[in-house]
Amino acid sequence: MMRPSQRLAVGLLAAILVIGAAPAFAVQPDEIMADPVKEARARELSKELRCMVCQNQSIDDSEAPLARDLRLLVRERIAAGDSDGQVIDFLVARYGEFVLLKPRFNPHTLLLWLVPPLALFGGGFALWRYSRRRPNPTKVGADSDLSLTAEEEARLERLLSAESTPDRRT
Amino acid sequence: MIAESGHYALVLALGLALIQSTVPLLGARWRDAALMNVARSTALAQLLFVAASFVALVTLHVTSDFSVVNVYENSHSLKPLIYKITGVWGNHEGSMLLWVSILALFGGLVAAFGNNLPLSLRAHVLAVQAWIASAFYLFILITSNPFLRIANPPIEGRDLNPVLQDIGLAVHPPMLYLGYVGFSISFSFAVAALLEGRIDAAWARWVRPWTLMAWIFLTLGIAMGSYWAYYELGWGGWWFWDPVENASLMPWLAGTALLHSALVMEKRNALKVWTILLSILTFSLSLLGTFLVRSGVLTSVHAFATDPTRGVFILLILCVFIGGSLTLYAWRASALKQGGLFAPISREGALVLNNLFLTTACATVFIGTLYPLALEVLTGEKISVGAPFFNLTFAPLFVPLLIAVPFGPLLAWKRGDLLGAAQRLMAAGIAAFAAIAVAWAWTYGGATLAPIAIGLAVFVIAGALCDLAERVGLFRIPLSISLRRARGLPRATWGTMFAHAGLGVALIGIVCETTWNSEYIGAMKPDDVASVAGYQLRLDGMTPRQGPNYREMVAQFTVSLDGRRISVMTPSKRNFTTRGASTTEAALLTRGASQLYISLGDTAADGAIAVRIYHKPLVLLIWWGPVLMAFGGLLSLSDRRLRVGAPKPAQAARALQAAE
Numbered sequence: 001m002m003r004p005s006q007r008l009a010v011g012l013l014a015a016i017l018v019i020g021a022a023p024a025f026a027v028q029p030d031e032i033m034a035d036p037v038k039e040a041r042a043r044e045l046s047k048e049l050r051c052m053v054c055q056n057q058s059i060d061d062s063e064a065p066l067a068r069d070l071r072l073l074v075r076e077r078i079a080a081g082d083s084d085g086q087v088i089d090f091l092v093a094r095y096g097e098f099v100l101l102k103p104r105f106n107p108h109t110l111l112l113w114l115v116p117p118l119a120l121f122g123g124g125f126a127l128w129r130y131s132r133r134r135p136n137p138t139k140v141g142a143d144s145d146l147s148l149t150a151e152e153e154a155r156l157e158r159l160l161s162a163e164s165t166p167d168r169r170t
Numbered sequence: 001m002i003a004e005s006g007h008y009a010l011v012l013a014l015g016l017a018l019i020q021s022t023v024p025l026l027g028a029r030w031r032d033a034a035l036m037n038v039a040r041s042t043a044l045a046q047l048l049f050v051a052a053s054f055v056a057l058v059t060l061h062v063t064s065d066f067s068v069v070n071v072y073e074n075s076h077s078l079k080p081l082i083y084k085i086t087g088v089w090g091n092h093e094g095s096m097l098l099w100v101s102i103l104a105l106f107g108g109l110v111a112a113f114g115n116n117l118p119l120s121l122r123a124h125v126l127a128v129q130a131w132i133a134s135a136f137y138l139f140i141l142i143t144s145n146p147f148l149r150i151a152n153p154p155i156e157g158r159d160l161n162p163v164l165q166d167i168g169l170a171v172h173p174p175m176l177y178l179g180y181v182g183f184s185i186s187f188s189f190a191v192a193a194l195l196e197g198r199i200d201a202a203w204a205r206w207v208r209p210w211t212l213m214a215w216i217f218l219t220l221g222i223a224m225g226s227y228w229a230y231y232e233l234g235w236g237g238w239w240f241w242d243p244v245e246n247a248s249l250m251p252w253l254a255g256t257a258l259l260h261s262a263l264v265m266e267k268r269n270a271l272k273v274w275t276i277l278l279s280i281l282t283f284s285l286s287l288l289g290t291f292l293v294r295s296g297v298l299t300s301v302h303a304f305a306t307d308p309t310r311g312v313f314i315l316l317i318l319c320v321f322i323g324g325s326l327t328l329y330a331w332r333a334s335a336l337k338q339g340g341l342f343a344p345i346s347r348e349g350a351l352v353l354n355n356l357f358l359t360t361a362c363a364t365v366f367i368g369t370l371y372p373l374a375l376e377v378l379t380g381e382k383i384s385v386g387a388p389f390f391n392l393t394f395a396p397l398f399v400p401l402l403i404a405v406p407f408g409p410l411l412a413w414k415r416g417d418l419l420g421a422a423q424r425l426m427a428a429g430i431a432a433f434a435a436i437a438v439a440w441a442w443t444y445g446g447a448t449l450a451p452i453a454i455g456l457a458v459f460v461i462a463g464a465l466c467d468l469a470e471r472v473g474l475f476r477i478p479l480s481i482s483l484r485r486a487r488g489l490p491r492a493t494w495g496t497m498f499a500h501a502g503l504g505v506a507l508i509g510i511v512c513e514t515t516w517n518s519e520y521i522g523a524m525k526p527d528d529v530a531s532v533a534g535y536q537l538r539l540d541g542m543t544p545r546q547g548p549n550y551r552e553m554v555a556q557f558t559v560s561l562d563g564r565r566i567s568v569m570t571p572s573k574r575n576f577t578t579r580g581a582s583t584t585e586a587a588l589l590t591r592g593a594s595q596l597y598i599s600l601g602d603t604a605a606d607g608a609i610a611v612r613i614y615h616k617p618l619v620l621l622i623w624w625g626p627v628l629m630a631f632g633g634l635l636s637l638s639d640r641r642l643r644v645g646a647p648k649p650a651q652a653a654r655a656l657q658a659a660e
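As you go down the protein sequences, you meet chains A and B in turn. Under full-length UniProt numbering, the first residue of the first sequence carries the number 1, and numbering increases by one thereafter. Under full-length UniProt numbering, the first residue of the second sequence carries the number 1, and numbering increases by one thereafter.
Keep in mind that the hints were calculated from the coordinates and are not lab data. Heads up, the beta-carbon is just placed ideally off N, CA and C, and yes, glycines get one too. Misleading hints may appear alongside valid ones.
[Unchecked claim] Computed list of lysine-lysine pairs in DSSO-like fashion (alpha-carbon distance at most 30 Å, straight line):
(1) B:K267 with B:K337
(2) A:K47 with B:K382
(3) B:K267 with B:K414
(4) B:K414 with B:K337
(5) B:K525 with A:K38
[Stated by the list, open to error] Away from chain A, derived, C-beta distances all over 12 Å, residues of chain B:
(6) T59
(7) T63
(8) M213
(9) F631
So here's chain A without its partners, still in its complex pose (with noise of 0.2 Å):
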């Protein structure tokens, strides 16, 4: 079993791909319930909650004893008969929102969620506009634009006779 103390110098190692990690393995054959179906919902759920002690791991994931208890809380709560939905409520209940490894969308996450949408279309709006403010080849006096220069075309023979088979596109 590796200490937190150990842990924490492998996250630490170089700007290496190391992964607060452990010999071990997460979910224990004694856990697992007896009906697979129930026993894949917990399995789904895991992977959606964070062992509040390792480093950015899912209980799943983890063999932190911590990591243990609340897997095996959560096939309590799905033992009783709860929806995944209610598993989630009681353990955010419990333990914050800090156990959730998708954070929901609330007033403290709204930047979190908005800026991938909003990096994208404000990038997508940001590049029409710009091609409407630029003259658009295709519009403005299309031939002299997109036919080459005598220029050009002298120096596209240099560098396709440079090369020893054409190539057209590039």
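Here the structure of chain A is known, so what remains is to put chain B in place on it, guided by the hints.
For chain B alone, coordinates are given in the frame of chain A:
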């Protein structure tokens, strides 16, 4: 003595870097060739001294000189030689020394092979390199000196963390650093261009090979790290969206975007301002990664606050370089003239689209990695952002990008024909739908999205092949002529084909592994048989064994398929005496591109051992993909046009500008 020499060499390197960061700039200002040429000699001398310093540290580790703190804390006299050497960069101080060594190596390469650069550009580039180098030499000498001595040397060292005693870790950090630090060259070129206020297509021609080289190393470095995590950490995961991984993914995404935008700049003299910005951002993200990993801020904001010396120092470096270069950019970028008009539907347009998606993906990783830190610092509230968040946000960004990939190379520069490109991709589209149908029928009733993702991957691969077929006129002209054309195609074209196909290959691996992975978890006793994905695995028994610096318990499994014995697998659990730590050595059996994976858990009181067995279909494609991408990069790097075109910059640039 060796430690002191190493330390002294590092101080001398700092002195040289300080000269290199000022004198050439004065030379450029006064138009004094002799002063500008100082940069070349100092860069080479710096490389010499840093290399001496690095060799000194390696020597100390190899000879197990425990009077040096760094060796005492990370080595052991019984450790195998290879891990004594790799242990040099398996710790903070040593890895920072590796960082500056690689920085000096790149500086030296520019000095040695940059003869065709204009003198003032080379002087500027090397001066900027020296600024970065000076900052990191100071960081090492002030906060992280690897050559510190212990007054009363202990007899034995504390050994390297066992998880890191692995061949994957021997190669992974240097690769990654070659990538990270390699981007410093494009950064220096960008800052030099801003300082000089001049940039042309030739600039992109010089920058592209360096960016490409860094990108190849980073691609391989990330892939290797991922494979290491897969087989060493013992639960078969290969990507965890861990902040440390994200720190390497961000420069990769930005660097990939840079590679493509530099292409537009080189060929069409467009996107100059954007390419400069991307060069700055890519290296800034490398610096950010170094900060995240080295400062300890990831482990906990509080740990960072209690021992802030290192963290604050790197944060300062980060602020000065990122803030400074962005300010310079804001100030000078408007002076750079834009050139090269193009229609939205064109090769340039496709590459702009690529940049939009890659930078958005990069921004997503950035916000996901830093948001929890920022929120905790600002409000004290703790949230987690993990794999489920990234999977949810990343997929929608990559799907349109992957659909667009095959179209790009088929569009002409300036103004493309989307319909024409679509027609030429007909075969790829048919192949994709066939793949969806086959995958859907094969896994009838299973996952619905996975077959579509497979189809997308096939589309990307077939699209890359279509592009190639189109270029050589396959089936339209006699085969012999096609073959001759194929041989004559520029290597860069082949490079594009391999890199794009690699993307599809990796996607197939990712989809298959995540969707159709089968797993067996159970407690097994000798002669028990487990069945996974049609394979029978029989536990024959367990034997203890003594290794050089560990003891291990080896389990032997006989693997059979349909009653026929195929192979034997021997996973083990190692116990490292010095640190009292244990590792799981997973056993892997490769069948084509698929793998069987066994990892051992704890032994119960009744003698049964916890066993986890996976069958991971086509899992190896996840890493073959990046290898293909890197191979494509290498082909592109070897293209003679990258070397031939460079020496005659100014005329070429003028010709292009005159045309527009």
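Hint by hint, here is what the structure shows:
1. B:K267 with B:K337: holds, 16 Å
2. A:K47 with B:K382: Within the cut-off at roughly 19 Å; holds.
3. B:K267 with B:K414: holds, 11 Å
4. B:K414 with B:K337: Holds - the C-alpha atoms of K337 of chain B and K414 of chain B are around 18 Å apart, at most 30 Å.
5. B:K525 with A:K38: holds, 27 Å
6. T59: holds, 20 Å
7. T63: holds, 23 Å
8. M213: With a cut-off of 12 Å, M213 of chain B remains clear of chain A, as the shortest Cβ separation is near 18 Å.
9. F631: Holds: least Cβ distance 20 Å, greater than 12 Å.
This entry satisfies every hint, going by the numbered hints stated previously.
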